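As you go down the protein sequences, you meet chains A, B and C in turn. The numbering of the first sequence is my numbering, which starts it at 1 and goes up by one. The numbering of the second sequence is my numbering, which starts it at 1 and goes up by one. The numbering of the third sequence is my numbering, which starts it at 1 and goes up by one.
Please keep in mind that the hints were generated in silico from the structure rather than gathered at the bench. Keep in mind the model is a prediction, meaning the values are calculated, not measured. Wrong hints could be hidden among the right ones.
[As the list claims (entries may be wrong)] Calculated cross-link-like contacts (lysine to any residue; reagent style SDA-like; alpha-carbon spacing at most 20 Å): (1) K31/C x Q117/A; (2) K108/C x E26/B; (3) K140/B x L46/C; (4) K140/B x E33/C; (5) K22/C x E26/B; (6) K140/B x L170/C; (7) K25/B x P134/A; (8) K31/C x H140/A.
[Said to hold, decoys possible] Examples of chain C residues toward chain B, derived with CB under 7 Å: (9) W36; (10) L97; (11) D103; (12) V104; (13) L124; (14) S128; (15) V146; (16) I148.
Quick reminder that beta carbons are idealized off the backbone N, C-alpha and C, glycines included.
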Amino acid sequence: MNKEVAIIGVGWSGFHPSTPEVSYKELMYAAAVRAYADAGVDPRRDIESFVTVAEDFIEGTSIFDEYVPDQLGAALKSVHTITGDGLHGLATAYMLIRTGVFDVVAVEGHSKASNIQTLDSIVGHAQDPVLNRPLRLNTHFVAGLEMQRYLHDSGSSLEQCAAVVVKNRHNALKNPLASYSANLTAEDVMQGPPLAWPLGRLETATPVDGSVVIVLASGRKAAELSDNPVWIAGMGWCNGSASLESREWSTLPYVEKAAQMAYRQAGIGDPWDEVDFAEIDDTYAYKELQSLEALGICAFGEAGELLMQGAFDPYGEFPVNASGGSLGVGHLLDATGLHRALEAVLQLRGEAGAHQIEDVHTGLVQSWRGVPTTSAAVAIFDNQEG
Amino acid sequence: MGMRKVAVIGAGMTKFVRRALETPKELSWEAAKMALDSCELTMDDVDGVCFGTAPDAFDGVHMNGEYCSDGAGAWNKPFMRCFVGGGTGVFVPIQGWYHVASGLFDVVLVVAEEKMSSYYPHAQAAFLTIFDHTTERPLKPNLLWIFALEMNRYMTTYGIRKEDIARVSVQHKRNAANHPCALLGEANITVEDVLNSEVLAWPVQRFDVSPVSDGAVALVLAAEHVAKRLTDKPVWIEGVGWHLDTAYWTNRDLAYPRYVEYAAKMAYDMAGIKEPRKEIHIAEPYDPFDYKALHHLEGLQLAERGKAIELYLSGAAAPDGDLPICPSGGLLGVGNPIAAAGLMKVAELFWQLRSEAGARQVPGQPRRGLAQAWGDLMQVGTVIVMGR
Amino acid sequence: MTSRINHFPGTSLNEQDFADGKVLFVHDALKAEYAWDTGIAIGTYLAGLKRGVILGAHCRHCRKTVVPPRTVCEWCFRPMSEYIPLQDTGTVNTFSLCYVTWDVRRIKEPEIPAVITLDGASQLGPASLFMGGIMHKLGEVNPEQVHIGMRVKAVWKPEKEREGAITDILYFKPLPKEEA
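Required output: the full structure, derived from the provided sequences and hints.
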């Protein structure tokens with residue numbers, strides 16, 4: 001088992017539809033100070049490198065990495081920003097530590113989604129400026145296209161997609177971080193307003209504000225600092241086709257490749273048997289089913305059926321998004337992967353409270369950067385007690 | 001864990017032009033293809049891709065890295081985009097370095113691309129949004145402000161004359177006359193030309209500044225066992241460093257770039273360098289403005305504070321001097337497509353250290369070189385030391 | 001490598017190519033609007049400006065007073081909750097005479113951006129690498145007479161027009177000799 005890099009501290013702040021009382025810097029500080037206390041480190045003395053994930057248009061600031069260091073305790077230190085999901089940030093810290101040059105690295109991601117007045121227009125600018133954008137379609141249409149083809153090829157049903165929403169928002173009832181917990185029926189979901197048919201509005205995660213900071217350490221340093229390290233057993237990431245014109249629509253080859261990379265490092269042959277739970281992409285409800293299949297947790301076309309049988313419930317054979325996922329907790333934009341990692345760490349430490357899953361040793365986390373991208377990352381965590 | 005050695009084994013670049021016909025994806029691919037061809041590899045040999053480009057505002061494309069990813073060769077590959085403002089160009093190969101040094105990758109393609117001409121009517125206006133949205137942007141600052149403020153502080157603190165600083169611009173633009181990709185190479189430019197150019201933001205004049213440009217550069221990085229199989233002239237990445245200073249730039253003395261000093265120390269420690277002035281044979285400090293090259297040489301410990309200009313006045317900085325500086329022609333001469341410009345400096349080291357720089361080749365077969373970039377609110381230093 | 005290659009990729013276009021219709025292009029404008037929460041520290045700072053007061057923040061541990069205020073000291077990572085009213089006078093740390101606007105229009109009379117170290121905040125010195133400076137503009141001054149070290153004073157908007165923004169200070173002007 002891979003014992004080179006461990007997560008030794010987690011911290012969060014916000015997790016509300018809006019956070020008017022604090023600036024983005026103050027939101028980041030609140031998460032950082034909590035993560036550092038959890039890890040028992042002083043950022044000025046102990047943390048050697050810092051990684052932030054951010055996108056300029058989401059922040060409303062060009063070269064946003066400028067504004068990162070101060071509130072993280074990172075001023076005049078080794079800091080860099082990547083434009084990726086939080087799991088890409090985690091993978092970056094993982095690589096930095098594996099070089100042997102760094103012992104302690106912190107990763108930060110945040111969302112101040114409530115401050116963005118024109119989110120749909122901004123996301124629209126992620127479309128190809130020449131080929132796609134002139135059609136003036138709301139970018140959710142890409143998910144509508146994908147869902148349509150996925151349902152067609154996999155035989156999954158609208159009811160099964162709606163059942164993902166029911167499960168996740170119900171799971172969220174037990175998670176104090178969740179903003180969108182609810183008791184719904186599949187009927188409620190299917191009768192909700194359409195967004196990009198067959199995709200409905202209630203099958204789409206709603207953005208929230210929040211920040212997550214995670215502190216990682218080398219095996220040597222983790223042994224010194226932490227009595228409950230959560231080990232990174234494997235990390236993978238991959239991009240698919242950037243253009244809409246040449247991508248697969250019913251399967252997620254890039255998620256599959258990212259997972260294979262992570263499984264190879266972790267020595268996992270059959271995730272269904274060897275992984276105990278997963279926190280995965282549910283930006284759109286159908287994504288949870290499609291991702292489970294790409295991750296090899298079940299065969300193509302099987303996820304919907306297994307869901308209906310309760311296999312992915314918190315007390316099922318393979319709990320998926322016991323936290324409530326992005327549908328239940330809210331979507332933290334590019335900090336979403338870090339939110340899922342946070343939930344997995346709490347589970348593996350036995351600190352997940354009311355939504356704690358019994359007897360867990362290995363967790364899987366997966367994230368996707370949203371429409372119109374084909375960018376995904378996968379992490380395998382282990383508490384080494386198994 | 002012993003550290004894995006990482007080599008640069010191939011490089012490619014496009015011409016730097018004011019306005020390119022090619023799209024960002026196409027520029028990226030042209031440079032990537034050339035880099036792969038140079039070491040006889042194909043995309044099948046590449047395990048992952050690192051990509052650098054500065055603000056999305058130039059292209060008006062949100063998540064520009066994702067948009068450009070297939071052009072950079074990342075279809076069906078692990079892909080990462082780093083982002084440290086102007087420092088990005090020298091950071092991408094650092095990102096490539098940690099991909100390989102981590103043991104997860106054997107061959108990584110590193111691509112930096114910038115297309116500034118898409119912004120309408122002028123790329124400079126995009127820089128308004130780099131300032132703090134609440135405390136600075138309402139004053140409508142131009143990007144030139146911060147350079148002019150820093151240059152003035154630097155000149156005044158050390159008593160450096162404008163006519164001496166102009167020598168930097170002259171030297172770099174003359175060097176660039178020998179670069180086949182250069183936008184502003186001028187073999188006959190003089191100090192008077194610089195001093196007579198339009199005053200943009202005193203003390204900054206037009207010829208003190210590098211031109212906005214379009215272009216792309218790519219490198220191929222490989223782990224030791226792969227590099228030794230593929231080339232008998234690997235150029236090793238011996239040290240890397242990066243540091244980011246506080247965002248509160250008005251709370252610092254701008255006369256000296258401490259962040260560059262700290263980044264350089266990190267790289268020197270890794271490379272085992274104790275006396276940089278003796279152990280570095282060729283330097284490509286970041287030169288978007290002429291005074292910046294001086295500022296950075298001091299931060300890099302290649303000159304004492306306020307004394308870097310002496311390297312130019314004494315001839316040491318010339319291609320045949322004892323510390324050739326920006327033999328490529330730098331940003332002032334070759335052009336400044338931001339991220340690509342930084343990586344151009346690293347490509348120049350690769351060519352110089354392999355004695356493949358053509359008309360720009362410095363004499364004496366340099367053994368070790370340094371490239372550095374800078375960015376953000378006068379805030380970030382990125383440094384790479386390479387040797388053969 | 002460059003020594004062996006004669007042709008480099010990249011095709012240069014000029015304005016004439018566009019004027020002649022030789023190049024097709026798509027024009028688009030980004031609609032990106034934000035309402036940034038000012039939060040605790042900057043919210044307090046802006047409220048101060050509205051009252052005609054420039055507030056700094058003090059770190060007891062580092063013994064420094066900086067502006068604009070922040071809730072955490074970036075050097076010791078301790079919370080910073082003490083706000084200190086500063087003078088609206090200060091010293092020019094550096095300046096420029098800028099003949100180009102932010103959107104690259106040429107102007108005859110220069111704008112004069114400056115970093116101004118405010119009185120009452122930390123000052124650079126043998127013992128201090130930090131200073132309480134802000135970026136603002138100078139006005140009511142002959143550009144040729146501006147110099148580093150010049151003493152200046154804020155010129156405020158009339159109280160009724162202030163809105164809690166950095167532009168509540170119109171600019172800084174030279175202090176008369178007797179007050180400097």
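Quick rundown of the hints versus the structure:
no. : hint            : verdict
1   : K31/C x Q117/A  : holds (10 Å)
2   : K108/C x E26/B  : violated (41 Å)
3   : K140/B x L46/C  : holds (18 Å)
4   : K140/B x E33/C  : holds (17 Å)
5   : K22/C x E26/B   : holds (19 Å)
6   : K140/B x L170/C : holds (13 Å)
7   : K25/B x P134/A  : holds (19 Å)
8   : K31/C x H140/A  : holds (17 Å)
9   : W36             : holds (5 Å)
10  : L97             : holds (4 Å)
11  : D103            : holds (4 Å)
12  : V104            : holds (4 Å)
13  : L124            : holds (5 Å)
14  : S128            : violated (9 Å)
15  : V146            : violated (10 Å)
16  : I148            : holds (5 Å)
This entry does not satisfy hints 2, 14 and 15, going by the numbered hints stated previously.
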